[in-house]
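There are 4 protein chains.
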Amino acid sequence: MNSTYGTNFRVAIFGESHAPAIGVEIEGVPAGMKIDRDALQAFLDRRAPGRDAYSTSRQEADIPEFLCGVKEGVATGAPLVAIIRNGDTRSKDYGNLANVPRPGHADYPAEVRFKGHQDKAGGGHFSGRLTAPLCIAGGIALQLLARAGVTIEARAVRIGGETDPEKMKDAIAAARAEGDSVGGVVEATVKGLPVGVGDPMFGGLENRIAQAVFGIPAVKGIEFGEGFAAAELKGSENNDPYGIVEGQVTPLTNHAGGILGGLSTGAPLVFRVAFKPTPSIAKEQDSVDLSTRTPVKLVVKGRHDPCVVLRAVPCVEAAAAIALYDAILEWRKEPA
Amino acid sequence: MNSTYGTNFRVAIFGESHAPAIGVEIEGVPAGMKIDRDALQAFLDRRAPGRDAYSTSRQEADIPEFLCGVKEGVATGAPLVAIIRNGDTRSKDYGNLANVPRPGHADYPAEVRFKGHQDKAGGGHFSGRLTAPLCIAGGIALQLLARAGVTIEARAVRIGGETDPEKMKDAIAAARAEGDSVGGVVEATVKGLPVGVGDPMFGGLENRIAQAVFGIPAVKGIEFGEGFAAAELKGSENNDPYGIVEGQVTPLTNHAGGILGGLSTGAPLVFRVAFKPTPSIAKEQDSVDLSTRTPVKLVVKGRHDPCVVLRAVPCVEAAAAIALYDAILEWRKEPA
Amino acid sequence: MNSTYGTNFRVAIFGESHAPAIGVEIEGVPAGMKIDRDALQAFLDRRAPGRDAYSTSRQEADIPEFLCGVKEGVATGAPLVAIIRNGDTRSKDYGNLANVPRPGHADYPAEVRFKGHQDKAGGGHFSGRLTAPLCIAGGIALQLLARAGVTIEARAVRIGGETDPEKMKDAIAAARAEGDSVGGVVEATVKGLPVGVGDPMFGGLENRIAQAVFGIPAVKGIEFGEGFAAAELKGSENNDPYGIVEGQVTPLTNHAGGILGGLSTGAPLVFRVAFKPTPSIAKEQDSVDLSTRTPVKLVVKGRHDPCVVLRAVPCVEAAAAIALYDAILEWRKEPA
Amino acid sequence: MNSTYGTNFRVAIFGESHAPAIGVEIEGVPAGMKIDRDALQAFLDRRAPGRDAYSTSRQEADIPEFLCGVKEGVATGAPLVAIIRNGDTRSKDYGNLANVPRPGHADYPAEVRFKGHQDKAGGGHFSGRLTAPLCIAGGIALQLLARAGVTIEARAVRIGGETDPEKMKDAIAAARAEGDSVGGVVEATVKGLPVGVGDPMFGGLENRIAQAVFGIPAVKGIEFGEGFAAAELKGSENNDPYGIVEGQVTPLTNHAGGILGGLSTGAPLVFRVAFKPTPSIAKEQDSVDLSTRTPVKLVVKGRHDPCVVLRAVPCVEAAAAIALYDAILEWRKEPA
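Residue numbers (my numbering), protein chains in the order written: chain V, 1 to 336; chain Y, 1 to 336; chain F, 1 to 336; chain E, 1 to 336.
Note that these hints are calculated values from the structure, not bench results. Treat each hint with caution, since some may be false.
For identical chains, the list gives no copy identity; a pair is met inside one copy or between any two copies.
Said to hold, decoys possible - Each computed DMTMM-like pair below joins lysine to aspartate or glutamate, with the alpha-carbon atoms no more than 25 Å apart: (1) K169 to E153; (2) K115 to E162; (3) K71 to E334; (4) K301 to D286; (5) K283 to E232; (6) K297 to D170; (7) K115 to D286; (8) K169 to D38; (9) K283 to E153; (10) K301 to E166; (11) K169 to E187; (12) K167 to E237; (13) K169 to E232; (14) K301 to E246; (15) K297 to E162; (16) K34 to E65; (17) K301 to E65; (18) K301 to D289; (19) K191 to E334; (20) K333 to D180; (21) K115 to E166; (22) K34 to E162; (23) K167 to E187; (24) K71 to D170; (25) K71 to D180.
Just need the whole structure built from these sequences, with the hints factored in.
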């Protein structure tokens, strides 16, 4: 088991979709940090379901309750725990799935791994709902980064093969109408990182961000800068020459996406994340009854997103924020 | 600093390109493991430079010396350390680079991060040469995986825009002739993993493999199964239905690349890694003299690969092997 | 910040004495483990305050609420979180302490470390109350150990200089009457450990148990086997010869307390823990007003134990159980 | 396996007594640190054997060879590795021990744990010889601490029941004459720590120091401040009142040994470590032949210390230095 990220800003995400609560325990929130609850809530609202026609109709307030680590809005320096109660659950929607793994979900390998004891309702600990506590931690990390002059902005750049925002929405609506789903790509840009943040080898910014971002369900790929396109370029095209801009040494192009040797270069850090189409679809699918080991036709009921990409945008920001704030703390502890 | 990977099979990679030695410290090699030195050397030889016309002419035997943890070819259970002496170094080739960061290399952010004290010769700790100890650890992990019935095979599927092996070689030769370089894509396939290996959230197989693979210099992207292409599919296309094959529950297709919810599904684990073109090229490039903060024209001398992709193939296997053996140990400690 | 213990059975303890809740997040509870809630509650009741004349009169039910990781009494394999709401708090008792650190408590260094932002009421995150979640985790670990045939039993062997149980109680009563407090020593015995559990160097059983046990407030010393008395013995007296007992290789004496080289020997593991007298006393003490930096006379109000040793007995069992179960998991992952 | 200490200043100790080499890999030595090799060697010489009549006659130069991480005496910021070749080994001295575990040594549990594959010669990875790389890491940590104004000084306060230095030497000489050995107690004092270093719960200074110090072979107990004696005191005696000394808030006594709630108080940090008598003695002892499972009389040949306490003094300083520098880095990364 390993639901914890980081060594300096340590984030342990817990909960199951239909358990009493989901939440997050964070070690490393600095004493005296004033947590902007309004900004945090606004951030959480960006991933909350039920806000528009494009996402699941499950209504959840997703208002975190802070159990400890904060007093009158200010971090005490002790571990901070925030939880969200699971109110509006309809476990019966999942009743018929008990023995039939849904294609594209973790059901089958989880059944084997946890010997049938995992909480199956709503995907349990594998549910996309766990991105809510991820966003609590990420929202706090974003506020800490902002104090250090670092910003992260992500957006959907591709959904269902479309790159125009209006057409993306059409693609989602079309998928919904068909009882199907679509995937997409989120691009994130980080500005304000000092030069030299990150570590060599396994502690590079790419390693760190990738380890965090693959914690978001449905992510199947990540690339930095030119990414897979860099494989098609020549060195003379892909290398970023240096120049002096406003008195600073600066890469004059940014094919590297702001990272060389795992370290930040001073240029904006740019990465893209591939999301597969939501596995929950209304169409009939082939599966197997695990108790009888016979093929069955499966129709997944319940409320599902035809596309998680729009709601995943803040999740990508959150995961990157956690990874980057942890990297910055690593960098900070080096003696001057 | 973080040049260590893993918690169960812990791999600490050390060394600098022109230091007395490079090497690796490994904790978690099981007592009694017979290390097949011939197989290990054959594996190391796959990444060694100087073997053909397509790679750098730096001649290195790359024969590891085991300092401890092995006795008469059998692991003792204590930490295992293997080193490779750095013999054939030509530091003077790098003399003129002391104050001029090479585009595409870690030189500039490393200069800032380590305040000019990093070993600059040959890229120091950021050198591709550090993949030799990675391959020592990975070669041992591959032998341990083989005992568990798990195999990893990688190959270059794209170089310089070409997918045919002969044309790949032509692309490399052409780049060399131009004093330029090309990148490419390596695809790896893992077979024999039991169902359910991996952990939720940040401990998923994608997270683990990505964290390890981005430790190889020049990697700029990773994708699993359909990867970025999944973003273009519909759920009904991308989901892998289940059936019964030879009495076993089996995904009937493998768009997921063998991973759902971070856990192995029993299907082959498939991932692809994007390598940028080697940053060291013979062509003149724009850079800056850091001492005078003035623009300079840089010509990088020395011996360099026009393409690292072929030599990187075993490195991808090594990184994946380390990540997967660590994940298997995590899985093994769960009580029956 | 580091309120987490372990790598295989990971226990993160959170909360502050007067925050909404205290609790624990545990990773590594095996899926399918049936948690005996009655046994767990009986264990927690052993440390709960307000049960007799010898401890504080603060009444707390200390009944854990499980937020996730357990379904119908069986562990799901996902992170387990249990919390205890802080009901009966009297923050005003601590009002006059805001700027005056109590001798023997963490108040002053915590004020400096957390820049005055720590939750001061009731000792905040440093409160002995945090041993309740420690005992939740420890109680679960004890049940897991019992399944592996391992038992831990601790008892007070010395209180206020007395070794007879009745005289210990007299010493506590006398201290209470004087508005003073007494310390003592707890001895723990672990039986049923397989031979060879533990790791060399920093992962030895002594290292692991010590790291966990010093997490209990008021602990100032720990010794294994003969401990400090071993320093007075000769090698010929302190070495434990081996013999064959019931067909098994067995140490014939146990000066080593069941540990050699950090590994279990098969003999009972025996250690003793020194507890200082409770720092909260009714007597007037010298302190300093931190805001004015002037000396003041301090009288600590509130409800306090004249001796924590009796209530600490289950805490010692809990800390040892967490450490040992983690060590056993480490040992289990080695291939057969 | 866990031969690594620390998260910020990470120290991995490797080697076996009769392997080609022993050594240490360190991550976290700051780039630009000038390592004083003479001071380091002088520190290592304090633990080296063969220097006087009181210790083993095995002659070892114990001069570390730096493989990487240092260039021209200055740390590069990359992982630092130093090794010591094992020259003067007499494996045949240990030949008759192959199947007969020495009482008081790790032989028997190591045999079980590592299934007979451990390197048995000279204690293998459990040898006291491994304290040489511990002292390399500790010696570097001491230099880093000195730059931060922190000093550590340890001394033997008790050997063979004697507290007078001359009588200690007599006790050692007497033990040697008898073919026996004696143990003792080392006391360490740390000065110059800022107030508030350390972390609550499992990251307290006591936890951290204990985890490191029990990594030294033969340690069986540790106590801080009054330690076990605190168990005999009343709260009014053991609490340290605060006053203003030279304008600073200061504990007026130091029963706490400079630590409250795991955090430094500003008073000197004081702890004592109990060492058992060296298990290697010349006297005949009872043991068992593990291959035949029959009792045998064992006489241990070879060169052994009748008392490790004097040589252990720098080891205690080293272990404490590693623990404290790691704690200081933890403390440093908190934003101002």
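Numbers of the earlier hints that this structure fails to satisfy, in rising order: Those not satisfied are hints 2, 6, 8, 9, 10, 14, 15, 17, 20, 21, 22, 24 and 25.
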